[in-house]
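Colleague: From first to last, the protein sequence lines stand for chains A and B. Take UniProt numbering: the final residue in the first sequence is number 215, and no numbers are missing along the way. Take UniProt numbering: the final residue in the second sequence is number 482, and no numbers are missing along the way.
Rather than coming from a laboratory, the hints here were simulated on the basis of the structure. Some hints could be false.
Derived DSS-like pairs: lysine-lysine, alpha-carbon spacing no greater than 25 Å straight-line [claimed, not checked]:
#1 B:55 to B:252
#2 A:206 to B:17
#3 B:17 to A:34
#4 B:252 to A:2
Every beta carbon over 12 Å from chain B, so not counted as near; a handful from chain A, in silico [claimed, not checked]:
#5 1
#6 6
#7 102
#8 120
#9 136
#10 147
#11 185
The structure presented is a predicted model; accordingly, all values stated were derived computationally and were not measured. Where a beta carbon is used, it is the ideal one built from N, C-alpha and C, also for glycine.
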Amino acid sequence: MKAFTQHEGLVVPMDRANVDTDLIIPKQFLKSIKRSGFGPNLFDELRYLDEGIPGQDCSGRPLNPDFPLNFPRYQDGSVLLARENFGCGSSREHAPWALEDHGFRAIIAPSFADIFFNNCFKNGLLPIVLAEEVVHQLFEETHGREGYSLTVNLEQQQVRKPCGELIPFEVDAFYKHCLLNGLDHIDLTLEHSDDIRAYEQARREKSPWLFDAVQ
Amino acid sequence: MAGQTLYDKLWQDHLIKNCDDGSSLIYIDRHLIHEVTSPQAFEGLRLAGRKPWRKDSLVATPDHNVPSEAIERAAGVSGIRDDISRIQVQTLDENCRDFDVVQFGINEPGQGIVHVIGPETGVTLPGMTVVCGDSHTSTHGALGALAHGIGTSEVEHVMATQCLTQKKMKNMLVRVDGQLRPGVTAKDVVLAIIGKIGTAGGTGYAIEFGGEVIRAMSMEGRMTVCNMAIEGGARAGMVAVDQITLDYVKGKPYAPKGEVWDRAAEAWSDLYSDGDAVFDEVIVLGGEDIEPQVSWGTSPEMVAPISAQVPTPSKESDATKRTGMERALEYMGLSAGQSISDIKLDRVFIGSCTNSRIEDLRAAAEVAKGRRKSDSVKQVLIVPGSQAVKAQAEREGLHEIFVEAGFEWREPSCSMCLAMNADKLGAGEHCASTSNRNFEGRQGYGGRTHLVSPSMAAAAAIAGHFVDVRELAPVQWQEEVV
Ligand code: SF4
Numbered sequence: 001m002k003a004f005t006q007h008e009g010l011v012v013p014m015d016r017a018n019v020d021t022d023l024i025i026p027k028q029f030l031k032s033i034k035r036s037g038f039g040p041n042l043f044d045e046l047r048y049l050d051e052g053i054p055g056q057d058c059s060g061r062p063l064n065p066d067f068p069l070n071f072p073r074y075q076d077g078s079v080l081l082a083r084e085n086f087g088c089g090s091s092r093e094h095a096p097w098a099l100e101d102h103g104f105r106a107i108i109a110p111s112f113a114d115i116f117f118n119n120c121f122k123n124g125l126l127p128i129v130l131a132e133e134v135v136h137q138l139f140e141e142t143h144g145r146e147g148y149s150l151t152v153n154l155e156q157q158q159v160r161k162p163c164g165e166l167i168p169f170e171v172d173a174f175y176k177h178c179l180l181n182g183l184d185h186i187d188l189t190l191e192h193s194d195d196i197r198a199y200e201q202a203r204r205e206k207s208p209w210l211f212d213a214v215q
Numbered sequence: 001m002a003g004q005t006l007y008d009k010l011w012q013d014h015l016i017k018n019c020d021d022g023s024s025l026i027y028i029d030r031h032l033i034h035e036v037t038s039p040q041a042f043e044g045l046r047l048a049g050r051k052p053w054r055k056d057s058l059v060a061t062p063d064h065n066v067p068s069e070a071i072e073r074a075a076g077v078s079g080i081r082d083d084i085s086r087i088q089v090q091t092l093d094e095n096c097r098d099f100d101v102v103q104f105g106i107n108e109p110g111q112g113i114v115h116v117i118g119p120e121t122g123v124t125l126p127g128m129t130v131v132c133g134d135s136h137t138s139t140h141g142a143l144g145a146l147a148h149g150i151g152t153s154e155v156e157h158v159m160a161t162q163c164l165t166q167k168k169m170k171n172m173l174v175r176v177d178g179q180l181r182p183g184v185t186a187k188d189v190v191l192a193i194i195g196k197i198g199t200a201g202g203t204g205y206a207i208e209f210g211g212e213v214i215r216a217m218s219m220e221g222r223m224t225v226c227n228m229a230i231e232g233g234a235r236a237g238m239v240a241v242d243q244i245t246l247d248y249v250k251g252k253p254y255a256p257k258g259e260v261w262d263r264a265a266e267a268w269s270d271l272y273s274d275g276d277a278v279f280d281e282v283i284v285l286g287g288e289d290i291e292p293q294v295s296w297g298t299s300p301e302m303v304a305p306i307s308a309q310v311p312t313p314s315k316e317s318d319a320t321k322r323t324g325m326e327r328a329l330e331y332m333g334l335s336a337g338q339s340i341s342d343i344k345l346d347r348v349f350i351g352s353c354t355n356s357r358i359e360d361l362r363a364a365a366e367v368a369k370g371r372r373k374s375d376s377v378k379q380v381l382i383v384p385g386s387q388a389v390k391a392q393a394e395r396e397g398l399h400e401i402f403v404e405a406g407f408e409w410r411e412p413s414c415s416m417c418l419a420m421n422a423d424k425l426g427a428g429e430h431c432a433s434t435s436n437r438n439f440e441g442r443q444g445y446g447g448r449t450h451l452v453s454p455s456m457a458a459a460a461a462i463a464g465h466f467v468d469v470r471e472l473a474p475v476q477w478q479e480e481v482v
């Protein structure tokens with residue numbers, strides 16, 4: 001997994017609550033059996049004026065001029081600013097894949113849906129929860145100033161504003177460790193193989209019906 | 001020491017160890033797999049040269065991409081017309097073959113929507129931890145299991161290690177007291193719950209559904225409720241084990257038998273929250289207060305009773321909520337203050353892992369019997385959740401009732417729940433749907449979804465607009481009255 005230590009990036013505002021994963025990446029693109037290439041279809045239904053078809057070249061499609069991702073000033077943005085309950089709905093990991101593929105490295109919101117939140121960490125994408133008033137203030141500042149960037153420092157657990165103000169954030173110790181070092185979660189878990197085997201053996205004796213083969 | 005909740009017990013029973021960093025390793029008993037969220041996980045195993053830790057915990061079936069039309073379905077995988085859908089289902093076939101995973105293939109008797117076949121075959125059982133790369137895995141919690149959706153990286157992780165690295169969630173009890181009035185179903189209960197707690201109300205919680213209404217519900221009804229726990233933001237929903245649970249599980253093909261059954265049933269009888277257990281949050285609803293529900297917006301919390309009007313955004317004081325409502329009304333083509341019963345339907349969909357079980361089809365058939373769909377409704381799809389449900393419905397003659405009513409009787413699949421197969425809404429079309437999500441574009445680009453119960457969907461198909469199903473007594477009742 002890609003490590004995350006510090007990142008400075010242009011902020012893109014997504015001023016809407018309850019953005020669901022169907023909106024982040026519509027279902028027709030879930031037919032892909034790959035992990036990459038979802039970026040051009042990120043927010044497909046909001047971003048383009050026509051219906052997206054898997055596998056098509058998106059460069060010639062009509063763009064929705066009212067959608068921030070299409071504004072010239074937000075090109076090359078890599079920090080997404082969002083509202084409450086971002087990533088609700090379907091568990092599709094294609095949502096963080098699409099965000100990451102498009103170039104986002106961090107998402108700031110007052111709250112995230114649980115499964116999406118977990119999925120982000122597995123893909124080197126850092127979801128940051130900040131208080132609603134703080135997020136609101138960031139929206140104002142982003143709207144108010146072209147080229148508005150934030151610096152996210154995971155080690156320090158701080159977001160730095162252009163004015164130098166530091167905003168602290170919480171992050172789970174396990175996820176922080178994995179992200180900072182780009183660690184593979186499976187390798188980490190397999191270090192506990194002996195414990196898993198011991199548990200499994202005891203379980204097999206106690207609840208043998210859980211181990212009957214399905215045929 | 002305070003007693004334990006059902007969730008505490010299930011967690012404790014599956015805890016391998018607490019790690020120094022505050023995370024915990026949780027053992028997974030059953031891992032269900034479908035074609036959409038698994039290819040990248042199998043590929044990950046392949047690239048790393050890993051094998052499944054315990055392949056007998058894995059059960060796969062294709063559901064999202066399989067066609068619902070009998071003709072297209074007849075030739076099996078090779079007959080799927082959409083190239084990309086076909087490749088995805090073929091990829092599942094290949095992966096199951098390569099990794100020696102049991103699969104209920106496209107036209108085999110065990111096939112169906114993954115959350116329908118799990119409980120009905122006994123592949124998922126009380127007391128299990130159940131995961132699947134699908135957010136509606138919460139459905140299996142109805143059995144008294146700890147079941148939740150995971151992302152594809154976690155699918156790979158569980159395949160490789162049989163565990164999940166997790167943090168314990170908080171406990172929420174949603175209690176529905178009293179009794180439901182006639183014509184009000186499990187779907188109305190869960191929609192009313194989500195209307196009350198909101199789509200983020202359960203975030204960070206495992207929800208246990210309890211109270212007299214839930215205790216009186218059939219297993220099918222409990223599955224409908226747990227299915228939509230995720231629409232309330234909770235990854236896991238669950239119901240305590242009782243006699244209804246045991247009666248349901250007993251005799252299922254993969255349920256324990258004989259002496260092992262007795263041992264299992266005894267172990268399961270402890271799966272309830274202790275009387276003195278403490279919940280972090282308790283929400284109470286009165287069963288009598290719940291009316292048949294209809295969603296009017298683009299989020300499952302945007303619901304109203306059938307007798308109500310579409311709400312007026314300007315009365316909402318919270319600015320983010322107000323713009324959300326305005327945007328939803330615009331997308332849905334509705335105006336504030338309009339009666340819910342004035343909403344006209346273009347299509348009706350009865351199916352999905354929320355409402356495609358036999359009881360759901362019986363409820364729809366009861367309303368449809370002796371009636372015909374409105375001419376203004378273009379299409380009414382009835383999509384059973386599994387091959388077993390389909391066969392049972394056909395034994396009961398339900399399919400004939402549907403066909404006589406002008407409804408289409410289809411093959412088991414997710415179908416128009418998310419429109420990955422050919423069943424889709426056209427732009428601007430309104431659909432009465434028994435599925436679980438009314439997100440923009442979910443049932444087709446520009447489509448407008450209204451979430452309802454199976455009987456409300458059937459009633460809407462007949463009237464051409466929403467009606468209170470209670471005003472539409474079954475034809476045979478009317479005959480008796482005359
Ligand atoms: S029926 Fe709908 S919600 Fe259920 S698994 Fe299929 S697509 Fe998902």
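Colleague: According to the definition I'm using, a residue is off the interface if its beta carbon is farther than 12 Å from all beta carbons of the partner; does residue 102 of chain A meet that for chain B?
Modeller: The assertion about residue 102 of chain A holds, with a minimum of 18 Å to chain B.
Colleague: Can we confirm that no CB of chain B comes within 12 Å of the CB of residue 120 of chain A?
Modeller: Non-interface label on residue 120 of chain A violated, nearest chain B Cβ at 9 Å vs cutoff 12 Å.
Colleague: Please settle this one: residue 6 of chain A was flagged as non-interface, so is its CB more than 12 Å from every CB on chain B?
Modeller: holds (21 Å)
Colleague: Are residue 17 of chain B and residue 34 of chain A close enough, with their CA atoms no more than 25 Å apart?
Modeller: Roughly 34 Å between the alpha carbons, so the hint for residue 17 of chain B and residue 34 of chain A is violated.
Colleague: Just checking, residue 147 of chain A versus chain B, shortest CB gap more than 12 Å?
Modeller: Residue 147 of chain A clear of chain B: closest Cβ-Cβ about 26 Å, beyond 12 Å.
Colleague: If we take the beta carbon of residue 185 of chain A, is the closest beta carbon in chain B still more than 12 Å away?
Modeller: Answer for residue 185 of chain A: violated, closest chain B Cβ roughly 6 Å.
Colleague: Is the straight-line distance between the alpha-carbon of residue 55 of chain B and that of residue 252 of chain B 25 Å or less?
Modeller: Status holds; Cα separation ~21 Å.
Colleague: Run the C-beta distances from residue 136 of chain A to all of chain B and say if the shortest one exceeds 12 Å.
Modeller: Nearest chain B Cβ is 9 Å from residue 136 of chain A, so the label is violated.
Colleague: Is residue 206 of chain A close enough to residue 17 of chain B, meaning Cα to Cα at most 25 Å?
Modeller: Status holds; Cα separation ~18 Å.
Colleague: Does the no-contact call for residue 1 of chain A survive, Cβ to all of chain B over 12 Å?
Modeller: Incorrect as stated: the minimum Cβ-Cβ distance to chain B is 9 Å, not above 12 Å.
Colleague: Taken at face value, is the distance from the CA of residue 2 of chain A to the CA of residue 252 of chain B at most 25 Å?
Modeller: violated (45 Å)
Figure legend: structure checked against the earlier numbered hints; hints not met, in rising order: 3, 4, 5, 8, 9 and 11.
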